[in-house]
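J.: Given next are the chains, with one letter for each unit.
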Amino acid sequence: MTKGAPSRLSRGRLPVVLALFAAPSLRADDWPMLGGRPDRNMVSLEVGLPTEWAAGGKTPAKNIKWIAPLGKVTFCAPVISGGRIFIGTDNDSKDHTEQRGVVKCFSERDGKLLWSVTHEKLQNPAEDDGTIGVTSTPCVAGESVFYVSNRAELVARSVQDGQQIWSIDLRATLGVMPNQASSSSPLVVDGRVFVVTGNAADYKTGKIKNPSAPSFLAVDAKTGKILWQDNSPGSRIMTGQWGSPGYGVVAGVAQVAFPGGDGWLYSFEPATGKLLWKFNGKAHEKPLASGEPETMFQFLAAPVFVGDRVYAAIGEPEAGTGAGALRCIDAKQRGDVTKTAELWRLDGADFNDSISMPTVHAGLVYAADTPGYLCCLDAVTGKKLWSHDVKSNIWGSPLVADGKVYVQSSEGAVFVFAAGREKKLLATNSSLPDLQHGTPVAANGVLYITGQKQLFAVSTGK
Amino acid sequence: MNTLPRLALFALLATAPLSHPSSAQEWTRFRGPNGTGISTAQGVAVAWTENDFLWRVPIAGESHSQPVIWGDRLFLLTAMDGGKDRSLVCVRKTDGQELWKKTYTQPTHRPGNKNSGFANTSPVVDAERVIACFVSQEHFWVRAFDHAGKELWSRDLGTFASQHGHGASPMIYEGKAIVTNDQDGASSVVALDLKTGTEVWTSPRGAGLNANIATAYCTPITHTRADGSVELLLTSQSHGVSSLDPQTGALNWEAPVFTKRMVASAVVAGDLVIGSCGQGGGAGNFLSAIKLGGRGNVSKTHVAYKLTKATPYVPTPLYLDGRLYLISDAGIATAVEAATGKEIWSERLRSEFFSSPVLIDGKIYCAGVKGEMIVLATGDTFQELGRSPLGEGTHSTPCVEGGRLYVKTFTHLVCIGKK
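Going down the list, the protein sequences come from chains G and H. Heads up: the first sequence begins at 1 in the numbering used here, then just goes up one per residue. Heads up: the second sequence begins at 463 in the numbering used here, then just goes up one per residue.
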């Protein structure tokens, strides 16, 4: 996969296949996008990461390197690149002006704020919910950082000072109508930015105002010029499109896969936008007599590419909870591969709805569902080896790093398991304040835990 | 029952009618007697099949309205045609036969929300009247009817602004219908004369706060203090748990310590009152126990404890014998020591809940979204006693009377219990 990635991303990185099946490298590295790499597989090569930590207060702080203030509500994971940390949030509670979307840039060394930028809210909360800020996890490539603002703008900024390089207003330019949140996390490979536009059904009427507006977009990273677009989900969008693309090189062919609001996964040739394959994530469901889908579940998390396979689950928390489906899909096939490419599926009572990216490491898959079960499966057969009930929702994704699996619950606990075929809970860390939904990430020897109001850099200091 | 020693059975038969003289009027409002959710009925089954339903009838439209009962009549609300038509329906309790229906057209432009329909609330009933609310963006109608369905009076409290619509049920206190109007616009709690609908008092609420947070979904309860005086207990994000004088509407005290929307109603637990707040996704939901008996703003002085694990957002907790029972939206059942908040047990039920649990004969009845009634034992040990069908999913709280359960599911009303 590193073949297709820009030189900055591939610098010093082991081929993924080695990372998956060999001992972890001692090399430390950046984490410049959602999932760390274009394949979106949340495996970090960091070592010496802490198993336990404490916030301080009544008991002494333990393994806390620094704490940086965020806004009031934070749904993103941080990304780390070139000594800087970027994260989307909102304005803080001491700021008594109107709610805003905010992107902050901190120094990786000490958590000092380097710059921040704000975006006004859209007037209509049906397009930009009044309670949230920027929910797109940024992507750093070279000297630029890319994200989608709460106003549904795809924005490129200088990592140095936050100066805008270019911006595309997806609503004004392309007729996109978002549903309450614009949360796609861009992906940059080979100078192209890929993003889900968020075109959606109107939150109030359920009608799709503009089915011809694109759902998937490829943009030139330097100039902001649109390279290609696709509106395949079109009038079949159920509610909204909040997912993010994933990228892999499968049997020598690069592909970028987008989750669509119609419940399908679409994989394209990155350079041309030519469709390689598509898969119906709702094929196992039984539509209602009225023709309505059984659930509003769709692929929301980015698809994860490992080898020739794609791992992805369906869910949608606003649509309730229930039987979901986690799938392993053969990405070598072409066309409508729904009937032929499913290598295994975990569903029914075994796996609920999920908006979390599965993580694949050493022949095992770690996957979390929304109701709060973390499962470990055999990556080849899909057989469930163990599961743990955290008794609280999980929206974030599990991180595999340093022989451990880190997963954060909505009630503020970060559970740490030993990676492996047998369940071993090493620690439950619940002392950090204001933790809710979040995804732990690691870079350059430091673990980052995101709270609603603060970002915690956690390190043994070794 | 038939395994009980004869003496015990005799004792039950002898004392039950004496201790519950008004059992025919035990479920006249949301969550039954004073909104406690506690029924005095005995001998209700803990498990059944659909063949055991005494009756099950369709109710036109959809609703989450908990039925209320007086004599042989059940009263509930429903909404047809996407909320444009709202009806108060009267059903005979013996066989589910519809006796009458009053329908009002009420245009609505509120966003669709699968979880919150257009008839979420319960009517309240006494010997002479049924009071029900019909709320849309344009109007907040409070209407009174006699038991035969004749409209006695109506009163419009004005517009209603809210993201998820209306969900607070009216209650009756000493000749007054008390209606909470906590919303994103101008908010108040209003007492209307039961006979005429004229305003007895208005208590202004939460002005000047973030408009997005003001809508609350609680139904008030009363609390009788040691000196015999009575206070109204309410929950809302704007005032947290608050206490009003039911005769004047004057604010006695408030604990505005809740940072998220409040849907569950207040629960008195010994010398504490419980409030909980949250959001649909379950993140950051919490429950706080407030000491009764304060004056003014008691945020800094009367918060006994705060719980953050598996606390409910929509379902109201239950209190019995020193323990609080929490059934979370995501389906985790937890028992805690009410005085301290210390967890006794916590187990996953593998279901989801909007309905509030009710206590019948010391057992917890939980009506799940997917249409099953899960019955749990109270006490220091978690025990699932039964899991039975309701015929359809529900967001509605059961009505309990005379050894029978009346459960409004999305489109039906079902009767379960003693033949």
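Any given hint could be a false lead.
As the list claims (entries may be wrong) - Computed list of lysine to any residue pairs in SDA-like fashion (alpha-carbon distance at most 25 Å, straight line): (1) G:K204 - H:A522; (2) G:K72 - G:L45; (3) G:K58 - H:A522; (4) G:K453 - G:A419; (5) H:K832 - G:A349; (6) G:K72 - H:H601; (7) H:K768 - G:T59; (8) H:K762 - H:T802; (9) H:K832 - G:K94; (10) H:K832 - G:G348; (11) G:K453 - H:A623; (12) G:K94 - G:D202; (13) H:K762 - G:N124; (14) H:K722 - H:T710; (15) G:K58 - H:G505; (16) H:K880 - H:D655; (17) G:K209 - H:G544; (18) G:K94 - H:R812; (19) G:K274 - G:P211; (20) H:K546 - G:D350; (21) H:K753 - H:G743; (22) G:K58 - H:S761; (23) G:K58 - H:A766; (24) H:K832 - G:V47; (25) G:K62 - G:R84; (26) G:K204 - H:V730; (27) H:K825 - H:A522; (28) H:K762 - G:P433; (29) G:K72 - H:K825; (30) H:K563 - H:A507; (31) H:K722 - G:K274; (32) H:K804 - G:S431.
Worth flagging that the hints you see were computed from the coordinates, not collected in a lab. Since this is a predicted model, take the numbers as computed values, not measurements.
J.: Evaluate each hint against the coordinates.
T.: Right, here's what the structure says about each hint:
1. G:K204 - H:A522: Holds. K204 of chain G to A522 of chain H sits at ~24 Å (cutoff 25 Å).
2. G:K72 - G:L45: 31 Å, violated
3. G:K58 - H:A522: 58 Å, violated
4. G:K453 - G:A419: 30 Å, violated
5. H:K832 - G:A349: 14 Å, holds
6. G:K72 - H:H601: Distance ~34 Å between K72 of chain G and H601 of chain H Cα, so the pair is violated.
7. H:K768 - G:T59: The given pair, whose Cα atoms are some 19 Å apart, holds under the 25 Å limit.
8. H:K762 - H:T802: Roughly 18 Å separates the two Cα atoms, so the pair holds.
9. H:K832 - G:K94: Outside the cut-off at roughly 43 Å; violated.
10. H:K832 - G:G348: 15 Å, holds
11. G:K453 - H:A623: 29 Å, violated
12. G:K94 - G:D202: 33 Å, violated
13. H:K762 - G:N124: 37 Å, violated
14. H:K722 - H:T710: Since the Cα atoms of K722 of chain H and T710 of chain H sit roughly 28 Å apart, the hinted pair is violated (cutoff 25 Å).
15. G:K58 - H:G505: Not OK: K58 of chain G and G505 of chain H at ~50 Å, beyond 25 Å, violated.
16. H:K880 - H:D655: Violated. K880 of chain H to D655 of chain H sits at ~38 Å, over the 25 Å cutoff.
17. G:K209 - H:G544: 20 Å, holds
18. G:K94 - H:R812: Distance ~40 Å between K94 of chain G and R812 of chain H Cα, so the pair is violated.
19. G:K274 - G:P211: 20 Å, holds
20. H:K546 - G:D350: Answer violated: K546 of chain H to D350 of chain G is near 41 Å, above 25 Å.
21. H:K753 - H:G743: 29 Å, violated
22. G:K58 - H:S761: 22 Å, holds
23. G:K58 - H:A766: 19 Å, holds
24. H:K832 - G:V47: With a Cα-Cα distance of about 45 Å, the restraint between K832 of chain H and V47 of chain G is violated, given a limit of 25 Å.
25. G:K62 - G:R84: Holds, at roughly 24 Å.
26. G:K204 - H:V730: 38 Å, violated
27. H:K825 - H:A522: Violated, at roughly 32 Å.
28. H:K762 - G:P433: 20 Å, holds
29. G:K72 - H:K825: Violated: K72 of chain G and K825 of chain H sit about 41 Å apart, past 25 Å.
30. H:K563 - H:A507: 31 Å, violated
31. H:K722 - G:K274: Violated. K722 of chain H to K274 of chain G sits at ~46 Å, over the 25 Å cutoff.
32. H:K804 - G:S431: At roughly 18 Å apart (the allowed maximum being 25 Å), S431 of chain G and K804 of chain H satisfy the hint.
Of the hints listed earlier, those the structure fails to meet are numbers 2, 3, 4, 6, 9, 11, 12, 13, 14, 15, 16, 18, 20, 21, 24, 26, 27, 29, 30 and 31, in rising order.
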